[in-house]
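Protein chains: 2
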Amino acid sequence: MNKNPRVAIVGATGAVGVELLSCLESRNFPLSSLKLLASKRSAGKQVAFRGEMLTVEELTENSFGDVDLALFAAGGDISRKFAPIAGEAGCVVVDNSSAFRQDADVPLVVPEINPDAAFDHPRNIIANPNCTTIITLMALYPLHLKFGLKTIIASSYQAVSGSGQHGITELENQVQAICNGHPVEISTYPRQIAFNVLPQIDKFDANGYTKEELKMLNEGRKIMNLPELNVTCTCVRVPVYRSHSISCVAQFEQPVDVEAARACYDGKPGVALMDDIANNVWPTPLDSTNGDTCYVGRIRKDIAVDNALNLWVVGDQVRKGAALNAVQIAELLVSRA
Amino acid sequence: MNKNPRVAIVGATGAVGVELLSCLESRNFPLSSLKLLASKRSAGKQVAFRGEMLTVEELTENSFGDVDLALFAAGGDISRKFAPIAGEAGCVVVDNSSAFRQDADVPLVVPEINPDAAFDHPRNIIANPNCTTIITLMALYPLHLKFGLKTIIASSYQAVSGSGQHGITELENQVQAICNGHPVEISTYPRQIAFNVLPQIDKFDANGYTKEELKMLNEGRKIMNLPELNVTCTCVRVPVYRSHSISCVAQFEQPVDVEAARACYDGKPGVALMDDIANNVWPTPLDSTNGDTCYVGRIRKDIAVDNALNLWVVGDQVRKGAALNAVQIAELLVSRA
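Here the protein sequences line up with chains A and B, keeping their order.
The opening position of the first sequence corresponds to residue 2 in the working numbering, with each subsequent residue numbered one higher.
The opening position of the second sequence corresponds to residue 2 in the working numbering, with each subsequent residue numbered one higher.
There may be inaccurate statements among the hints.
Pairs involving identical chains hold if they fit within one copy or between any two copies, as the list cannot separate such chains.
To be verified - Simulated pairs of lysine-lysine, DSSO-like, Cα-Cα distance not exceeding 27 Å:
hint	residue 1	residue 2
1	Lys204	Lys302
2	Lys41	Lys212
3	Lys302	Lys46
4	Lys212	Lys269
5	Lys269	Lys4
6	Lys41	Lys302
7	Lys82	Lys147
8	Lys212	Lys4
What the hints contain is simulated information worked out from the structure, not anything from laboratory work.
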């Protein structure tokens, strides 16, 4: 990897693409050039970056000849088609989709957890994990290092921006309709999301779990290199615009202690305690919105499960759950160049 | 108990009181008279019941001499003061507050689960359980009869009407403010509830759980007569107006089977399956709002916990979680008179 790579963003005009641009700019990423790629429909759009206007180009098979590093955020179908083309052209791809996450020759990376894995990318593709998984693991990995993680039992409270701009617009429109006494229109979600919660995210698998729920199992095992990890999860959409929350029982190999657990976060980047119940302090999705930090609160010794801690974690799923993590992977590659 | 009791509602003008009135009317409860009691502030208000206007009277120590059955829904302090007075006057109290729920000489009753307990009330006080506990147990008790319930691991999604009219008004006002670009005012909840979720309901106990979370443990043990039952719970307020949802892992003594679990609900009153994932059918809070039935969906064999089912339950916490359950207890008493 070049110390000052030529960078491309694929899906530059989408929700995560816009956030990728923002992360590259705010973190002063040492790129030598930036190419914005999107569908033919978005080609020609002007986008500001570091005080200049860049023109969005149409994504084609020939887009990657002069690119060292491509950040993909255009969905699984685009990734499946174009990431291998980019990789074969010598461009390293950091892919936000789930297309390659379980491939044995594609690393799945959270820089705070398994940074070294990012350098073993024989196909020049590195996968960015699922948003809810990243946020949950940011809270659990420091505890794993101390106590040895065995089982995760989680329920999520996921924001509508996890569905992209369509999800945001759907919630806005439904709330406006209800406030004005108009009928509610449903298009993005199968049911009304305003003032309601929906216990389905992504499609169902044969075992009755959704694919979103199984990501925490399969991706958690791969990222932490814990092939025996047990995970059960129910993923629920809630009428929150941004930032996911996870209610979590984490069972460990070793006996747990709350004060020792809290100390696990000392000096850990990207994650912080917000946990002072004597003063009713605990994190909410609004606390992490538009921020880089995942917050952990409500840490307590679980009263029903042996060797377990019960905790609550929030994180901005567009940032740490997607764009920020991808840019951090890119920074990691450049840092060892 | 008289077959046509003289009934009083204490807290007749509150959220649960209004619903008690509605349940008595819609279920054609065989009362011979109805007295509406409330604070001095509400005395004199006119309330419609069965086509007549009733005048709210001020609650005093002398309110119960001509009452056979009193439904209390005015909070713990009022119950602690006036329920013993009513009981000593020979009036049977069904109390919605948490004041007496753990008293050994006060039964805690869900008519579908432990109806016989209602008849052993030496102090003439019968306690109505916590809303989230009732709804969760409506889903789990039929499974317990088949498999033997051992552990409940739950996360809740609780509606603002659980905080009474103040909660509803707070959410309405905050949503209106945000839609109109005005600053959000916070009074009922410690943080903004509109487009946010709050992982605290009720005060904290010494062990880091909230009192709301411990109710499912203590009340679940008492109602189902399972002193060894394990329960862990995280209770979360969500921006939903009405109906609570619970994401639940239930571990049993016996091996579980999903089809056998589904059959447990056949013919069971007050609870129904809404579970057809092939057609994306699962219950949401809107499905149970203003209804008497608790709905169960997402039933699946848990992939992380032995002998466990994972499921999702919703129920209207003002009805089955409060007023309806209280009226059902009253019906039970009258039915055996």
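Status of the hints after comparison with the structure:
{"no.": "1", "hint": "Lys204 / Lys302", "result": "between (34 Å within a copy, 17 Å between copies)"}
{"no.": "2", "hint": "Lys41 / Lys212", "result": "neither (30 Å within a copy, 56 Å between copies)"}
{"no.": "3", "hint": "Lys302 / Lys46", "result": "neither (53 Å within a copy, 49 Å between copies)"}
{"no.": "4", "hint": "Lys212 / Lys269", "result": "neither (30 Å within a copy, 32 Å between copies)"}
{"no.": "5", "hint": "Lys269 / Lys4", "result": "within (26 Å within a copy, 67 Å between copies)"}
{"no.": "6", "hint": "Lys41 / Lys302", "result": "neither (54 Å within a copy, 45 Å between copies)"}
{"no.": "7", "hint": "Lys82 / Lys147", "result": "neither (41 Å within a copy, 50 Å between copies)"}
{"no.": "8", "hint": "Lys212 / Lys4", "result": "neither (37 Å within a copy, 55 Å between copies)"}
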